[in-house]
Amino acid sequence: MVSKVLVANRGEIACRILRACSEAGIGSVAICAPNDQGSLFTELADEVVLLEGESIGETYLDQAQIIAAAQSTGADAIHPGFGFLSERAEFARHVSANGLIWIGPSPEAIDQMGDKMTARQTMRAAGVPVIPGEEVEEVDEAKTLEALREAAQRVGYPLLLKASSGGGGKGMRAVHDPADFDQAASAAQREAIAAFGDGRIYIERLLTGSKHIEIQVLADRHGRTIHLGERECSVQRRHQKVFEEAPGPTMTPELRDAMGQAAVAAAQAVDYEGAGTVEFLLAASGEFFFLEMNTRIQVEHPVTELVTGVDIVREQLRIANGEPMSCGDLMIRGHAIEVRLYAEDAANNFLPAIGPLAVFRPPEGPGIRLDTGVREGDDVTPNYDPMLAKLIVWAPSRIEALQKMRRALDEFVILGTTTNVEFLRDLCDAQPVIDGSTTTTTIDTLWPKGWNPPHDLTLEDASLLVAAGAETLGLHLQQRVGSQEGVVGPASPFATLNRRYP
Amino acid sequence: MVSKVLVANRGEIACRILRACSEAGIGSVAICAPNDQGSLFTELADEVVLLEGESIGETYLDQAQIIAAAQSTGADAIHPGFGFLSERAEFARHVSANGLIWIGPSPEAIDQMGDKMTARQTMRAAGVPVIPGEEVEEVDEAKTLEALREAAQRVGYPLLLKASSGGGGKGMRAVHDPADFDQAASAAQREAIAAFGDGRIYIERLLTGSKHIEIQVLADRHGRTIHLGERECSVQRRHQKVFEEAPGPTMTPELRDAMGQAAVAAAQAVDYEGAGTVEFLLAASGEFFFLEMNTRIQVEHPVTELVTGVDIVREQLRIANGEPMSCGDLMIRGHAIEVRLYAEDAANNFLPAIGPLAVFRPPEGPGIRLDTGVREGDDVTPNYDPMLAKLIVWAPSRIEALQKMRRALDEFVILGTTTNVEFLRDLCDAQPVIDGSTTTTTIDTLWPKGWNPPHDLTLEDASLLVAAGAETLGLHLQQRVGSQEGVVGPASPFATLNRRYP
Amino acid sequence: MQHIFASSEGPIEVTLARNGEALQLSGYSLTQHDRGRLLVTLPNGGKCIAHATKVGDIWWVHLNGRTYRWERIEPGSSSARDEGGLVAPMPGKVLDVLVRQGQSVEAGTALMVLEAMKMEHRIVASTDGRVTQIHFQAGEQVAQGAVLLDLEEAE
Amino acid sequence: MQHIFASSEGPIEVTLARNGEALQLSGYSLTQHDRGRLLVTLPNGGKCIAHATKVGDIWWVHLNGRTYRWERIEPGSSSARDEGGLVAPMPGKVLDVLVRQGQSVEAGTALMVLEAMKMEHRIVASTDGRVTQIHFQAGEQVAQGAVLLDLEEAE
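If you read the protein sequences in the order shown, they are chains A, B, C and D.
Positions 1 to 502 (this note's numbering) are the ones given, in order, by the first sequence.
Positions 1001 to 1502 (this note's numbering) are the ones given, in order, by the second sequence.
Positions 2001 to 2155 (this note's numbering) are the ones given, in order, by the third sequence.
Positions 3001 to 3155 (this note's numbering) are the ones given, in order, by the fourth sequence.
None of the hints are false.
Straight-line Cα separation of at most 35 Å, DSBU-like style, residue types lysine-lysine; simulated pairs:
no. : chain 1 : residue 1 : chain 2 : residue 2
1   : A       : Lys-143   : D       : Lys-3093
2   : D       : Lys-3093  : A       : Lys-449
3   : D       : Lys-3047  : A       : Lys-449
4   : C       : Lys-2047  : B       : Lys-1449
5   : B       : Lys-1004  : D       : Lys-3047
6   : B       : Lys-1143  : C       : Lys-2093
7   : C       : Lys-2093  : B       : Lys-1449
8   : A       : Lys-4     : C       : Lys-2047
Worth flagging that the hints you see were computed from the coordinates, not collected in a lab.
Just chain A, with the same shape it has in the complex (with noise of 0.2 Å):
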């Protein structure tokens, strides 16, 4: 019986999950690396532990101090978000050797779906098309180049080279020309050792001109696995999903249950329990593959969410109190998009960026949504992902609901940190965006040297008046106190406080 979740993230996930524990009556407890004292999310919940340690390993990632944390304020459940250890079946099993509900799939799904080559070969099993390729597992570190040279031979170029236990763009490359590949390759296993603590490396055939599409699941414990239907996230940068929506603009009726049964038949072939996501490609030819399963919650669940009206997260913590999901049959309806907010200088290739959100004030009205972690006055630092929100609209129809994000991002205020809002507001005048023809490479396509502000001579010398004219007004004499104000230190009350009262 679920009655106390510890939220094993940060940022804007645990304050979707955070909130969903305190609609659903139950009681919920934050872990929270010094850095993050004072975040938003910490004060969501009812409880919070401050962790000890510095780095992401000594903190979000210590499993040992986060199952601590559970027993000492008496959770009995963890909820691992997104990232982090949210894959890490090593974590699962841990979890739930000391008692605790595991709000997630088995370990034993984890570990087969984790892993690209075991997947891939599950999938082929339960009858899943998947992409060409292989992997390279090489523990001798001198011959590994020369083993994924080979490889790279075999499979075809062009190739994306992943990281075997990676995800979220980390550790990935792609290689279009033989003479790029060494370099690509060192970079792509420095990246996923560092990340994943893993250095494994899948290379795989590029589908160029390709559509993402990924099919959101759900299975209970009374034998229920149902599909969601798809959500296209097809626009990235750096492999990075910036917008997404649901339903696929050119999906069809036909389709969504090709690709929902394949969905369906990929969760059941490893038993899968709760919320999941499979990823597969479309080719223009009509064609899909299998990419992977994200055995998790994801980042761009509020599209599915906005159109189908589950309350994924709701029903995650409904799945893992062993109840049987309470959502009907399938209804979708209107049109959800997502865009990324993050802390980037996209003129820059997409630099993240750090500084204070001095002025922080969101669009408003109906039809929008905004799942953020952040709130005027806050810092962005380099500690973490420089994701600082996703705005969500939805409206009857897709182009109502392009007209809606439009409108949202023209209303989107943040100065004191460079953000990409400009970037995703012109996307949403880019034509492959409006006609709904996006592929994977829409974004290199479009901007093949990097994006660029447009630029509106009137507007700058407007700004640059602002500019002048506020100075002159001394409007910087009538701002708020700037970010540093009020920071507890490492050594305040707040630490022991949670520890002292569990």
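Following the hints, position chains B, C and D against chain A.
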């Protein structure tokens, strides 16, 4: 062809309509009384016309000035919102006579429905059941009270006094005891004259223990008149709705069909065009009676939007443009609840309150919609209706919607002005609200001597510590400067800017 | 760190103890969390985030979904509470005066009708007493806080 | 009311004229609208609401969905723009140094690999030139704005 809309309103409904125009790619003009300069809605319009005058009569009710503003800015349509001139047939005629499109039904339809007596006759003829009652139209002021007294005798007690051309609870009084009749009638008449310039009073049998159920209708010029299901708005204080939901918690598909058909018949009887609402009383017996038809968009339209997936304001724009409405068959999903956030002292007979919104932090997260006309730093003044915002939640089920509303109200922080947030929060825990057995007398029954916030000595003590601690820490010295700052005076160039460059 | 706040039962004196970064009051503890937000620990160990802001002399405090107001009394100043005047709760217009000067009234008697925000509000006697002065007549505008009538409490 | 701002083409001098409550600059006009918000009138008569806030020396301006940054130069101070140093765009760790001191490089040559926010970033030469100094070695932590290498521009 609608290409630029003047919104003849202010506050949250002006924001709602201006954003809809922006999304639809339609130009927009706001009108603004001098005491509304700097208000949120003026920022959402493409152009703003500053009205001359002080009182509401001289500004938002000044038909000539509003039509002149439309003409000088080249607007080709007027959206009246609700309240103000929205149900003045004379204004609708004026608008059309000046070659502008009136976004609403014909003046004849407004007249037929606006006059309670005519509406009753029309409805009876259309086969829609009405409540027993009668109107008193007595020109000789001295004899009015006598005539009202006699009519009251015929209708019987308990009874309800209503302004014939009223709405929104103004000029309305319930009388349970003949001894209270004279005072109530005088007050109702005075309020009716002050608010609507029309002192005619209508006396109706008071059906206690009934539910207030209303049906949203839409009609286009292509012969299609549909209903979007019901809203239950039984929970009222001072005859003003505070808690509205869709679908009705006790509604059956059969009753929805019957009431929906009656509402469509009512609309068709007056050749209705656009969005309107037919209000019914649903007696405990299951019988329903026509109350009145509101020939405009309604405050509580968002709950219907959330469960049906129809953007009602967008459909208004389409219909006024001569297009067929875009929505398909009625499809109700999940449950939506709206509460009206008032600046008022719920513990003191709901007396309107004023003050600065020194802190205004709405709740966030999935399933929450806030339609607001204010933002942090604004002042609440006695010049206008004290409704600050509408908080609306959607969830897959009614019980989850109530859970979400509780969480949302707990998260809502408003400091500097007294509001009814705590009252609304308590309402969510009241048994009739949990049961769905609310009637129009629920609030009076729950709190016969008036509502008071529950006493919690621990929290009270803690709040005292916070006040003392905040003073000690000097939090007030770090605060943003108060509400007086940056107010644009009447002599500001803002006024002339908009007039100079239409 | 001693403060005085007004309450319906008279002034309350609050003396805080400082313990490191925490401020304490009989089992309750307070630390600053972030801009305008404070972390409160209750005697039972529960904690909550409080929002606080000061408007004029009044501290507005939001805590666990509840909002409290505490008027701080500057040391040495006298409270204006007990003067027997009936004040306008908000700006508006006097519609009707229902009593005469010198008239004896019971608690609850309606004394004046005020119009504000398009609604009528009745000003009623707070205690049994005698109307000693009427400051406004029908038709006059009144500012918020204006003393409308003086009521001498019955002994 | 003269201000100097930095731009890619050198400093810009801006002199505003005051006209009543409005500030003007060649056909553009500006008035204060509300806290942190300004009303701008464009030469074609169009108007828009601008948000502006200052962080350090930089004015951040939001206007019609676009965000602009203007670094204000205090009169008398010198700009640090033209020093030829390649600075760390954000705090991070040096993963690899790809050049030697004294090496001649072409514009676009990768000089250093930096890890920040769990991603690798390459520091590339901004012009043809010669590496005169390397300030950090692999494994070292660098602060944002730290000069990583000095590059002498080729004549």
